Structures are given as C-alpha cells and as structure tokens.
Amino acid sequence: MMSQNLFISTSPHIHCGDSVERNMHLVILALVPALAASVLLFGIGALIVTATSVASCLLFEWLISKWLLKRERCTIGDGSAIITGILLAFNLPSNIPLFQIVMGSLFAIGVGKMVFGGLGNNPFNPALVGRVFMLISFPSRMTSWPVPHQMLAYTDAVTAATPLGLVGYQNDSLPSYMDMFLGNTGGSLGETCALALLIGFVILLAFRVITWHIPVTIMLTVAVLTGAMWLVNPEVYADPLTHLLSGGLMLGSIFMATDYVTSPMTRKGMVWYGIGIGFLTVVIRLFGSYPEGMSFAILIMNAIVPLINNWCRPKHFGEVVK
Amino acid sequence: MSLRTFSTGGIHPKSNKLTASGAIEPARLPSQAVFPLSQHIGAPAVPCVSKGDRVRVGTQIAKADGPMSASVHSSVSGTVSKIDSIVDASGLRRPAVFIDVEGDEWEPSIDRSDNLVINVTMSNEKIIERIRECGIVGMGGACFPTHVKLCPPQECRIDTLIVNAVECEPYLTADHRLILEYPDQIIVGVRILMKTLGVERAVIGIEENKPDAIELLRTKTQMVSGIEVMPLAMKYPQGGEKQLIEAVTGRRVPPPPALPAHVGCVVQNVGTVFAIYEAVVKNKPLIERVVTVTGEGVSRPCNLKVRMGTPVGQLIEQAGGMPENTAKIVSGGPMMGRPLLGTDVPVVKGTSGILLLSEKTAARKEERNCIRCAKCVSVCPMGLEPYKLATAAELGRWEVARESWVMSCIECGCCQSTCPSHRPLLDWIRLSKKKK
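Chain order of the listed sequences is A and B.
Residue 219 in my numbering sits at position 219 of the first sequence; the count goes up by one each step and never skips.
Counting the second sequence from 1 gives a position; my numbering is that position plus 1000.
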C-alpha cells in the first residue's frame, strides 16, 4: 500500500474556483463607480455616511456572531456585511446623523440577517430592512435630500425635493434627463447617478455575477406601465424615462433586487419576480403616499420568493416528451 | 454554423488534455495481475479456474452470472496463485482472481495479426454471442454489459447508433488517441454494430477540441454510407448518454426507467466499438485497454495500452513516478472518477484514466451556507435543483428529494464543482439516491 496519506473523497475532484468571497468582492467592485459618483456629487457627507455604515455593519456582525451566537468562525470576512453597509448608505441622504446610521446598521445586520442564521438564510434584503426601519423611525431625516455639490457640508447641507417628489406638483421644474442620468439631482447618496450604476451593471454581467433577467424585467415593466399612464394623462404622470432615471430604480433593480439570497432560483422565476417588483414600484409611486416605492416593492417580492421557487421549477430533463 | 450541443445546463471546466499528442505506448507486463470479478454493473462473475491452474492470455477465468453479468478473461499467461479479495476502484473489498505472470503466451484462437478485416459475414446472433463471450462492457466508465444494449426491448424501433467519442472529462485522451491510431478498426466496428442493430444511420459524436480526429474520421467515412461524423460544441457532460442523444438527435430520453432505446437510439463508447471489432473479427476478449496516466506535476503523462489487472502503481511508475505533492489518485476523470485507496488497485474494464492530483486541488474547501446563487440549478444538465435536493437530504427528508426527481441525477458533478459555498451537494444527492 501507499506510504503517504491520500485524500479519499467522492467526485467531482475539481472545483471551478468560485467562492462566496469572490462573488461578494465583485459586487463591491461593481459598487465602486457609484461610490465615486456619490462622493463627487455629495462631497464629504457621502464618505462619512458610507464609512460609518460599513464600519458599523462589520462591527455588529462580529459582535453578534462572537458574543450572541458564540460562533467559532466569524463571517465578516465574506464581504457580505460590507455590501450591506454600502447599500444601506446608498439608500440614505448624505446629511443623516451618525447615530441614525448606526441604528440602521444594527437593524440591517441583526434583524435583517443574523437572527435567521447569517448570510444565506435571510428572507429579506438586509440593507432594505435597515432602510425601511430608518424610514419609519426617522421619517423627517429620511425624506429630506441634500442638493448636490455641497462638497464640505454634512448634516448642515441644504435640502430640496427629489425629482419623484416633484412629479404631479411641479412637472415643469423637473431636472433634465442628462442631469438625472449623471446624478445631478437631490436624492439618496448612491441612487442618483444612473451612469455609474449602469457601469456597475456591466461589471456584474461581465464577471457573470448576475444575469440580466431581474434588472431588465424590472426596468421594462416600469417603462411599460408608467408609459401607459403617461399616455393617458401626461399632466399628472411623468414619462417613463423620468421614472427609470429617478429614485432608487437603478440602484434597486441592479444591486438590491439581484441579491442572491433573496431572489428566485430559476430564470423564469427571476422574470416573474422582476415583473412583480416593477409593478409594485409603479403602483406605489403613482398611487401610494410615498413618492418612491422601490424598497417596499423589493421587500414584498422577497417575501414571495419561496412561492415563486415552487411555481417556477426548472424543466426536468425529458419531462416533456413528444 | 454553430455546432450542436445539449440544451440544459452544463459547464466548461479547463480541459487539461496534457496527453492529446502522446501516441499510445504499451504498458509493461505486471508480475502479478489481479482480476476483480465485478468489473460491470450486474452480478459478479463466477470463477472457473482454481488455484494452481495454468492460464494463457485470453483464457476465460470467470463466467458471467446471469444476463446482466460479464465474463472475465486473463490478460496474462501464468499460474492462478489465489482466489481472494482486493480493494478495487469502488473502495470496497471484493473477490478477485490473482495470477502470477509467466511469459506471454496467448490463446491460439486469438488472431494477433494486424490485418484489417473489412467484411464481416457473421450472423447477428453470432455477433451478439461473441460480444457476450468476450466479456465486452461499456468502456466509458459505466461498465454496462454491451450485449444487453444490443438486444433492445421488442417494442423499441432503433433507428440511430450513436458512437460516443466526446471524451468531455478533463485530462482524459484515451478515446482521442484510439481514434487517431485505429480509425479503420473503429469504422468496421461501427458497421458491425449497424448491421447487428439493423440501423441505416450511425453518428459519431465528437467534441470540437479534437479537430485531428474529426478530420481523420471524416476522410475515412467518406466512402462509407450511413456514418456521419458530427462535431459538437464543447460542454461537459456531453458524454452523458442522455446529453449526447439530445445533442445529436434533439430527442430527450424520458426519466427512468425509460432507456435510450425508447427514443430509437443506442449509444456505444468509441473504446467499446474498438473492443467489439477485436472481439468479432479477431476473437479477442476484453483483456486490454487504453488508459491515460496524467495529472498535476506528473513528469511524463502518457497514454498506455494496459493489460487488465495491472496495478495502477506500475502505470504511475511508467509515467515518471508519483509526484511528491500527490494527495489523491483518481481512477477516471476529475469530474466523475473514483478516488483510489492505494496504488495496488488493478486496472479494470472501466478504467479510462489514472489522474494524480495535488493537495491544493484534492483538499475540499470549508463548507459555507448556501447563498442561493442558483448556479447549481443553472448548470444541472438534468434540470434538477441540487441545492434543494442536498438540503432535503441534510434534513433526512428523502421523500422530498424523491419527489424532486433525485433518481434522475446522473452524478456528473457540475453542481458541486460550481458551488461557491463549496457545499458537498453531490454527496448528499448520492445519499438520497440510496435511501429507498
């Protein structure tokens, strides 16, 4: 027999080399253009908010897994807490006070993720859980948005309405499409620059982190539904391009709705999920009391992902025979 | 024009065909050859020699026991030293015949000449009987007795013979080299099978990464009617029987217990076709085969023509010895091969390769939570949900796994080799397949 020890494990004996870390790091890479844009647009406030959010998400994940769950292995190295931190920050105004960010991070990581057993077991997108918690807890701070280009202002920044807030009241004072595309409008710090978010989308597609199905179906659904309403009454309803370029639509459809853990498992399921998010977003935007509905739409659809997974099973080989 | 392939799932592992240009070399004769009695999926063969008997190359040493069994022949001449047991590639200790090698004396009934015989006049019954007598089994790894495949159920009308020359497993080149060095014999073998099955059409399915073999087979089959050489786009597991049938004909075999015959197809591995030629034309039992000996850090990876029963350690010696960092010895390819417990495991009918892997590759990474990335679902060639099957197995919910078609799994390993969380998906799936 052999003199040396051999590994005995069943096939397959090779692995493609992919890992949780690799996927998470690529998402972080794809978020970098939007992060850069947010700093250019909202200045030092964007940096402070993002840094606080990421640091507190990491800290809370470490504290919870070490002291509450008493786990031997801490999962902060997998990169998912960093993503939650960045995405939470991207959903916040750049002038929000520090303690509110810390509270939001605690809720996102603690209630959004760790109570379910950590990454992979959470039914809802943790960053959105954190954001909605903050929206309910700190409504005034969470609905006033700094005007861009106040590079050194933080909590003292001057605020103004977002494009979606103007729709239906002051349609003539809406910013130009180019301003919305470049992010030159008020809004949460990571959502305004559609260009940077689309660059991120290309990165995610190029490295095959995600497929096009969820973002594209959301955008198409929103475009079709808002287009129909706009044709019915352009005085009250904004045109589809304004809807696509404003609010959290780009950020939500590219980075939040595509979260692996909380999105469906088949392409067909992803398409239905995307249509559902698009539909709910339009309903909330046009008929709800909030100007923006992306977060709620994604969270509601997160809740029915298990059902979608049951409805949209992959077609089993040979199931359909001529 | 884009090449055909199968439609559901599949992956593109790095092919690592280190030995594609290495001509087949004869392996050295062992000093002792060991013949496990289970080299096929059916019941073990029953030994028909006893200790002290003299045998020649080609002497039958064990008889098939039942219709799904296959005979075993000695690949060496010498004396039966014992009938005992050995740990074979399955990892189990199973009965085997041990023969001490003396000289190299062949049974006189075997035609050892190189003459190519083109016209075969034998009757179909006689051909199938010869294939059975010679102990031919599927040489792609499944080791299904070939004579059974040649007698499809009465109600099935077979119209296409598919020759599996895909060799989609990384590293392995045994079939590729066989085609390059014995194309005429393979074509005669295909014609024998066409005649036996009564089909007008045969398709040799071969992946596009073997352009020299495609070109050669095309030239050789130009004058032969009914044989088509079909290059296929590279994708693993194209060599899977159901995947290959779909790639070639577009037909999908229904879930078990349906057979390829139910969609009018019979699939034979190209190595098996060569063995059929030798059995029918040369009266030569299945006593040797081509084995690719390769792996990370192997100094002289090669394709060897090996007598059955040769211990794999000797092949590794011939390939330049075991590299120091070797941590795993695999019999077969890296996707579906079996890990060996040591180097005294003998080569059997289904041994397509010996693959040595370093610790870096062989060691499994720490398992994480499933992050529901859905990659396993998108790569599964059978349209299953591996993440769900594995979770059902972890929870002991065997009925959930069964309702989710776990029995359809072909164990290709696409899911597990893709999983970013390094979950042992296929281990769990195998476990649920065994739970009744």
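Treat the hints with care, as some may be off.
Here are some of the chain B residues that sit facing chain A, going by a computed Cβ distance under 7 Å [what the hints assert, rightly or not]:
hint: 1; residue: Pro1211
hint: 2; residue: Ile1214
hint: 3; residue: Gly1337
hint: 4; residue: Pro1420
Hints are computed from structural coordinates only; laboratory data are not their basis.
These numbers come from a predicted model, not from an experiment.
Backbone N, C-alpha and C fix where the C-beta goes; we use that ideal spot for every residue, glycine too.
Exercise for review: Mind checking the CB of Gly1337(B) against every CB in chain A and telling me if the closest is under 7 Å?
Suggested key: holds, 6 Å
Exercise for review: With a cut-off of 7 Å on the beta carbons, see whether Pro1420(B) makes it to chain A.
Suggested key: With a minimum Cβ separation of about 4 Å from chain A (threshold 7 Å), the hint on Pro1420(B) holds.
Check your understanding: Is the hint on Pro1211(B) kept, meaning its closest Cβ partner in chain A is under 7 Å away?
Key -> Hint violated; Pro1211(B) Cβ to chain A Cβ min 25 Å, cut 7 Å.
Check your understanding: Is the interface hint for Ile1214(B) satisfied, with its Cβ closer than 7 Å to some Cβ of chain A?
Key -> violated, 26 Å
Checked against the numbered hints above, the structure breaks hints 1 and 2 and satisfies the rest.
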